[in-house]
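Colleague: Residues per chain are reported as follows:
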Amino acid sequence: DAGVIQSPRHEVTEMGQEVTLRCKPISGHNSLFWYRQTMMRGLELLIYFNNNVPIDDSGMPEDRFSAKMPNASFSTLKIQPSEPRDSAVYFCASSRGQRYGYTFGSGTRLTVV
Amino acid sequence: RKEVEQDPGPFNVPEGATVAFNCTYSNSASQSFFWYRQDCRKEPKLLMSVYSSGNEDGRFTAQLNRASQYISLLIRDSKLSDSATYLCVVITGSGGGADGLTFGKGTHLIIQP
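Listed in order, the protein sequences are those of chains A and B.
Numbering-wise, the numbering used here comes out as the position in the first sequence, counting from 1, plus 1193.
Numbering-wise, the numbering used here comes out as the position in the second sequence, counting from 1, plus 2.
In isolation and in its complexed conformation, chain A is listed as follows (with noise of 0.2 Å):
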């Protein structure tokens, strides 16, 4: 099992660019989370989905952020305009069920300058 698969590992982008962020959710899993971790804030839950519809986008900071997940092996995060105050690490997650807990990605870790 590959595990959750993000990309990029890294972004550094200028302030005003599109950000998107990649993620390929383990097979079998029906519900991916895309989280952001800062020091200050810690793990903040963005946007979940089950079986690729979204049902919880709260989290999400602004209408600057927008997620997408046309099928059950890929979903999209992204940013327009970025703004220096969203960088930070950006964790894609899928799980079957909450008791079997969650499995993250690595992460990509965005910088905007």
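Mixed in with the good hints, there may be bad ones.
[Said to hold, decoys possible] FRET-style restraints, in silico, Cβ to Cβ:
id : chain 1 : residue 1 : chain 2 : residue 2 : range
1  : A       : Ser1220   : B       : Leu48     : 15 to 21 Å
2  : B       : Lys81     : A       : Ser1259   : 41 to 47 Å
3  : A       : Ser1220   : B       : Gly56     : 31 to 37 Å
4  : A       : Gly1196   : B       : Asn57     : 22 to 28 Å
5  : A       : Thr1231   : B       : Leu48     : 50 to 56 Å
These aren't lab readings, by the way, just hints derived from the structure by calculation.
Glycine included, each C-beta is placed from N, C-alpha and C at the ideal position.
Assemble the complex: chain A is given as a structure, and chain B must be docked to it using the hints.
Modeller: Same frame as chain A, but now just chain B:
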């Protein structure tokens, strides 16, 4: 009171010692609990679930105290490789996905030679 609270540490512990730390939660309806481990610049990884009766996995013991609303993690015979941040997870909802799932901000543990 925050939903899930952890002492951020750091806990500096000599190799071979026993160390324990707690995680308190505010919602008495919380149902499921986990400990995750996160190494520096890595993703969180599931360490162990916390069962009502307590559970042990090698040098690690997790316990739940419902009356006082906290979970604990005890590490015996600590190793240098145990140095990491330990995150607790509390689940309140019984629904799927991330309903009622909250991560603590983590306790930083440093094992010293």
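Colleague: Each hint: holds or not?
Modeller: Here is what the structure says about each hint:
1. A:Ser1220 - B:Leu48: 15 to 21 Å: 18 Å, holds
2. B:Lys81 - A:Ser1259: 41 to 47 Å: At roughly 43 Å between Cβ atoms, A:Ser1259 and B:Lys81 fall inside 41 to 47 Å, so the hint holds.
3. A:Ser1220 - B:Gly56: 31 to 37 Å: 34 Å, holds
4. A:Gly1196 - B:Asn57: 22 to 28 Å: Holds: the Cβ-Cβ distance is about 25 Å, inside 22 to 28 Å.
5. A:Thr1231 - B:Leu48: 50 to 56 Å: 22 Å, violated
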